[in-house]
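Student: Chain residues, written in single-letter form:
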Amino acid sequence: MSDEQRLVYVCEGGDCTERGSGDIHDKLKEQALAVDPDEEKVRVRRYPCFGGCECGINVTVYPDKLFYSHVKEEDLPDVVKHVLGEGPAVDRLTGAVEPDIEEMAWMMLDSPY
Amino acid sequence: MSTVDLEAKIPNNVGLRDNKRLLRALEKWQPAFLEWWKDMGPTDFNQNDIYLRTAVGVGKGGWAHFDYVKMPDYRWGIFLADAHEGRKIHFGDQIGSPIWNEVPGEMRNRLRRLIVTQGDTEPASVEQQRLLGHTAPSLYDLRSLFQVNVEEGRHLWAMVYLLHTFFGADGRDEAEEMLQRHSGDPDTPRILEAFNKPIETWVDFFCFTTFTDRDGKYQLAALAESSFDPLARTTQFMLTEEAYHMQTGENGVGRILHRTAELAKEGTDPRSVGAIPFDMMQRYINEWMSASMDLFGGEDSTNAAESFASGLKGRYREGDGIYKDPTALQHSYDVDVPEDGKLVKKSIPLRRAMNALLLDAYHQDCTRIASRWNRDLDRLGVDFRVKLPTQRFNRNQGLYADGYFTPEGEMVSKEEWERRRGEWLPSQEDRDYVRSCMKAVYEPGKFANWIAPPAQGVNDQPVDFEYVKFH
Chain F
4 MSDEQRLVYV CEGGDCTERG SGDIHDKLKE QALAVDPDEE KVRVRRYPCF
54 GGCECGINVT VYPDKLFYSH VKEEDLPDVV KHVLGEGPAV DRLTGAVEPD
104 IEEMAWMMLD SPY
Chain X
25 MSTVDLEAKI PNNVGLRDNK RLLRALEKWQ PAFLEWWKDM GPTDFNQNDI
75 YLRTAVGVGK GGWAHFDYVK MPDYRWGIFL ADAHEGRKIH FGDQIGSPIW
125 NEVPGEMRNR LRRLIVTQGD TEPASVEQQR LLGHTAPSLY DLRSLFQVNV
175 EEGRHLWAMV YLLHTFFGAD GRDEAEEMLQ RHSGDPDTPR ILEAFNKPIE
225 TWVDFFCFTT FTDRDGKYQL AALAESSFDP LARTTQFMLT EEAYHMQTGE
275 NGVGRILHRT AELAKEGTDP RSVGAIPFDM MQRYINEWMS ASMDLFGGED
325 STNAAESFAS GLKGRYREGD GIYKDPTALQ HSYDVDVPED GKLVKKSIPL
375 RRAMNALLLD AYHQDCTRIA SRWNRDLDRL GVDFRVKLPT QRFNRNQGLY
425 ADGYFTPEGE MVSKEEWERR RGEWLPSQED RDYVRSCMKA VYEPGKFANW
475 IAPPAQGVND QPVDFEYVKF H
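Taken in sequence, the protein lines are chains F and X. What the first sequence shows, in the numbering used here, is residues 4 to 116, in sequence order. What the second sequence shows, in the numbering used here, is residues 25 to 495, in sequence order.
Next up, chain F with everything else stripped away, as it sits in the complex:
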């Protein structure tokens, strides 16, 4: 992954799926691909579970290390603008999960290898 490229994970754990994370993933991916069809700037993927189940739907943005929670469809335009480098981070969606949950997500993504 290049330093400029963002990796966005949408949680598809049990609770997030119940809240509609499948649709959020599809719509986020569709909106990102409409602007960035070859995924040069951002790749949107599903992730099994981050453990922030009570704050779902959860979406992470790497390498920014932003953990967006309670994401709804109406938030997606702002999220897409941010991950495509056309807008600021969506601060209203951050800070909901426990710090240790965020840290565990970054541990995997910060692989030294």
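Please note that a few of the clues may not be correct.
[What the hints assert, rightly or not] Label-pair restraints from in silico Cβ distances: (1) F:Asp67 with X:His387: 45 to 53 Å; (2) X:Lys369 with F:Pro102: 27 to 35 Å; (3) X:Gly39 with F:Glu106: 28 to 36 Å; (4) F:Asp67 with X:Glu51: 47 to 55 Å; (5) F:Glu77 with X:Glu440: 55 to 63 Å; (6) F:Pro102 with X:Glu363: 35 to 43 Å.
No lab work stands behind these hints: they were computed from the structure. Here the structure is a predicted model, which means the values were calculated and not measured. From the three backbone atoms N, C-alpha and C, an ideal C-beta is built for every residue, glycine too.
Use these hints to put chain X onto chain F, whose structure you have.
Tutor: Frame of chain F; chain X shown alone:
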């Protein structure tokens, strides 16, 4: 998107209707599978109607259908995730080359061994759990057990499809043998040791689905990166079903801890009311997690290196591009190795450390789960916290197999380990006590006293839904 044939004798999205030779071979294997299910699957519940999820496709959302089914009538099908056009090999020595839709000759034996080893675990776990229905703590849990069982049966079908399709007579023989080996059979045991011990209680079952099925998740995730596309697509879809199994375990252990915490808040000794004390749960967690870590194999492994180099098995989420070096040739992995009574830091070439990397990802995942359990305990106002054992504790495989370590990873003498073993692992007394708590509760909405009800029912049904109808 692939076409799903649900009307066929064997539901599938692999075009079985057009491949008569394969269809005949699988239809010949099907009665043997059903015989195995009746002989070695869940005892005494085959005539009951179970509210089960059945896979009916691989598309986004709506991939499964819920209804009452008698388990022998479950539609075990063959489903592969949809192919990605133009997919290239994304790790190892052949990076950038087209993926394989046939087995390269030089990979044949290694691939077959990987598929057989994975496939052997699927029926093994059904055999291990076959008596549990008689002591289910609720109808909700009884249904969960059978859901896990039928889906492990479907995963066997997935592996058998690969063997029949790509490995000729050898593959057909291997598929037969998967039904002839049996968990715990002294003459024809299952391949991996963790799959040869019976799962006698629901505490074991929930620990197994939390920790051992989670090893399965990581093995499947590594195979889902495979350059052999049919294997990658098969395992990608298996992961969808496997998620429910792990959730069953995670929620099950969490519900046991929750119930014990409720009793602690009331000042009730859990032993006095047939519930499971915290320290006993901790010992079961230590045992199952350490046994499951053995399934990852040696931390320093030339076999793992070869599987990575040849493109058969990738790292966890390799395809997401989170690793800096997809060839894994430029880095080494630091690990503490026991030598002459102390731990010495050593570097091993990264490719040889593939099992260790996968185990690290597993351990992080388990840490997330323990944090979730502990947050619930915190909310309930009890002091107990689950502590997961380190990767050195109670190992029979890999670098730490010959040493003695506390759950925290401190090296100790054999004598100290033996003396303190009862602090860390379940004793016979623990097992007898847990067994004594296991009494069936079959009334809808009622739960055994050692486990809290779940937060919600299955597929939007209420918790007191009649998940199993007895006849």
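Student: Hint by hint, say whether it matches the structure.
Tutor: Hint check results:
1. F:Asp67 with X:His387: 45 to 53 Å: Check failed, 26 Å falls outside 45 to 53 Å.
2. X:Lys369 with F:Pro102: 27 to 35 Å: holds (29 Å)
3. X:Gly39 with F:Glu106: 28 to 36 Å: violated (46 Å)
4. F:Asp67 with X:Glu51: 47 to 55 Å: holds (53 Å)
5. F:Glu77 with X:Glu440: 55 to 63 Å: Holds, at about 60 Å.
6. F:Pro102 with X:Glu363: 35 to 43 Å: holds (37 Å)
Checked against the numbered hints listed earlier, the structure breaks hints 1 and 3; every other hint is satisfied.
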